[in-house]
Amino acid sequence: DAKTTQPPSMDCAEGRAANLPCNHSTISGNEYVYWYRQIHSQGPQYIIHGLKNNETNEMASLIITEDRKSSTLILPHATLRDTAVYYCIVRPLFTGGGNKLTFGTGTQLKVEL
Amino acid sequence: NAGVTQTPKFQVLKTGQSMTLQCAQDMNHEYMSWYRQDPGMGLRLIHYSVGAGITDQGEVPNGYNVSRSTTEDFPLRLLSAAPSQTSVYFCASGSSTDTQYFGPGTRLTVL
Numbered sequence: 147d148a149k150t151t152q153p154p155s156m157d158c159a160e161g162r163a164a165n166l167p168c169n170h171s172t173i174s175g176n177e178y179v180y181w182y183r184q185i186h187s188q189g190p191q192y193i194i195h196g197l198k199n200n201e202t203n204e205m206a207s208l209i210i211t212e213d214r215k216s217s218t219l220i221l222p223h224a225t226l227r228d229t230a231v232y233y234c235i236v237r238p239l240f241t242g243g244g245n246k247l248t249f250g251t252g253t254q255l256k257v258e259l
Numbered sequence: 158n159a160g161v162t163q164t165p166k167f168q169v170l171k172t173g174q175s176m177t178l179q180c181a182q183d184m185n186h187e188y189m190s191w192y193r194q195d196p197g198m199g200l201r202l203i204h205y206s207v208g209a210g211i212t213d214q215g216e217v218p219n220g221y222n223v224s225r226s227t228t229e230d231f232p233l234r235l236l237s238a239a240p241s242q243t244s245v246y247f248c249a250s251g252s253s254t255d256t257q258y259f260g261p262g263t264r265l266t267v268l
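Protein chains in written order, with this note's numbering: chain A, 147 to 259; chain B, 158 to 268.
Wrong hints could be hidden among the right ones.
[To be verified] Only part of the chain B face toward chain A is listed, based on derived beta-carbon distances under 10 Å:
{"#": "1", "residue": "Val161"}
{"#": "2", "residue": "Tyr188"}
{"#": "3", "residue": "Ser190"}
{"#": "4", "residue": "Met198"}
{"#": "5", "residue": "Gly199"}
{"#": "6", "residue": "Leu200"}
{"#": "7", "residue": "Tyr205"}
{"#": "8", "residue": "Glu216"}
{"#": "9", "residue": "Val245"}
{"#": "10", "residue": "Ala249"}
{"#": "11", "residue": "Thr256"}
{"#": "12", "residue": "Tyr258"}
{"#": "13", "residue": "Phe259"}
{"#": "14", "residue": "Gly260"}
{"#": "15", "residue": "Arg264"}
Treat the hints as calculated values from the structure; they're not laboratory data. C-beta: ideal position from N, C-alpha, C; glycine also.
When you get a sec, could you build the whole thing from the sequences and use the hints?
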């Protein structure tokens, strides 16, 4: 699986958009970009995933660059409850050997008043 | 649906003791897996299963055993606990290509 690079921490004011970057310059053509988050002491929670088109759901938007070497997770109106560690993960849709996820150290997002 | 449940929530063991961490899911998912998370680090895969009767090793399998006799349950056994196994353990389940759903975790301390 391709490796990812994320900033270790970011701050965001409540009500503003939080833009979390991820670099995955070695991504392969069959690999998707997944985003999970982990609120303190809880199990990780799925947010969104995409291949090459931008994606949006009720939680967030995912913007993937045309060359697919980087992406940005956007939380449009961050709240205090969005304070969490955000993980960007790159993996094939079909892993063949199980639904494995390789977690890095992620980005600690702190949303403040 | 209860989703993914894990028991116990907390456990303290002495070195050399054995125990089983329980994980159950009610979503009829094929895939189940166990991760551990040490302080300040991301999750690391211990073992996983792609269906009943089928298991395989992940990144850090030493000291742990698993079995999958039913679709719903995927217990993790510590054979002889060591202080290095002090960690938070998460169980996850998912369908073949779908997202994974994680349990609330078991916090294990080995003295």
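Cross-check of the supplied hints:
About 8 Å separates the beta-carbon of valine 161(B) from the nearest beta-carbon of chain A, less than 10 Å, and the hint is met. Annotation: interface hint on tyrosine 188(B) holds; nearest CB of chain A at approximately 4 Å, less than 10 Å. Among the interface hints, the one on serine 190(B) holds; its C-beta lies about 7 Å from the nearest C-beta in chain A, closer than the 10 Å criterion. About 7 Å separates the beta-carbon of methionine 198(B) from the nearest beta-carbon of chain A, less than 10 Å, and the hint is met.
Against a cut-off of 10 Å between C-beta atoms, the interface hint on glycine 199(B) holds, since the closest Cβ of chain A lies about 3 Å away. With a cut of 10 Å, the hint placing leucine 200(B) at the interface with chain A holds, because the nearest CB-to-CB distance is about 4 Å. The interface hint given for tyrosine 205(B) is met, as the beta carbon of that residue sits about 4 Å from the closest beta carbon of chain A, less than 10 Å. At its closest, the beta carbon of glutamate 216(B) sits 8 Å from a beta carbon of chain A; the interface hint therefore holds under the 10 Å criterion.
Against a cut-off of 10 Å between C-beta atoms, the interface hint on valine 245(B) holds, since the closest Cβ of chain A lies about 8 Å away. For the restraint placing alanine 249(B) at the interface with chain A, the shortest Cβ-Cβ distance is roughly 7 Å, inside the 10 Å limit, so the hint holds. With 10 Å as the threshold, the beta carbon of threonine 256(B) comes within range of chain A, its nearest partner Cβ sitting at about 4 Å, so the hint holds. Taken as an interface hint, tyrosine 258(B) checks out: its beta carbon lies about 7 Å from the nearest beta carbon of chain A, inside 10 Å.
With a cut of 10 Å, the hint placing phenylalanine 259(B) at the interface with chain A holds, because the nearest CB-to-CB distance is about 3 Å. Given hint, glycine 260(B) at the interface with chain A, holds; its Cβ is 5 Å from that chain's nearest Cβ, closer than 10 Å. Interface restraint check: arginine 264(B) against chain A, minimum CB-CB distance 8 Å, threshold 10 Å, status holds.
This entry satisfies every hint, going by the numbered hints stated previously.
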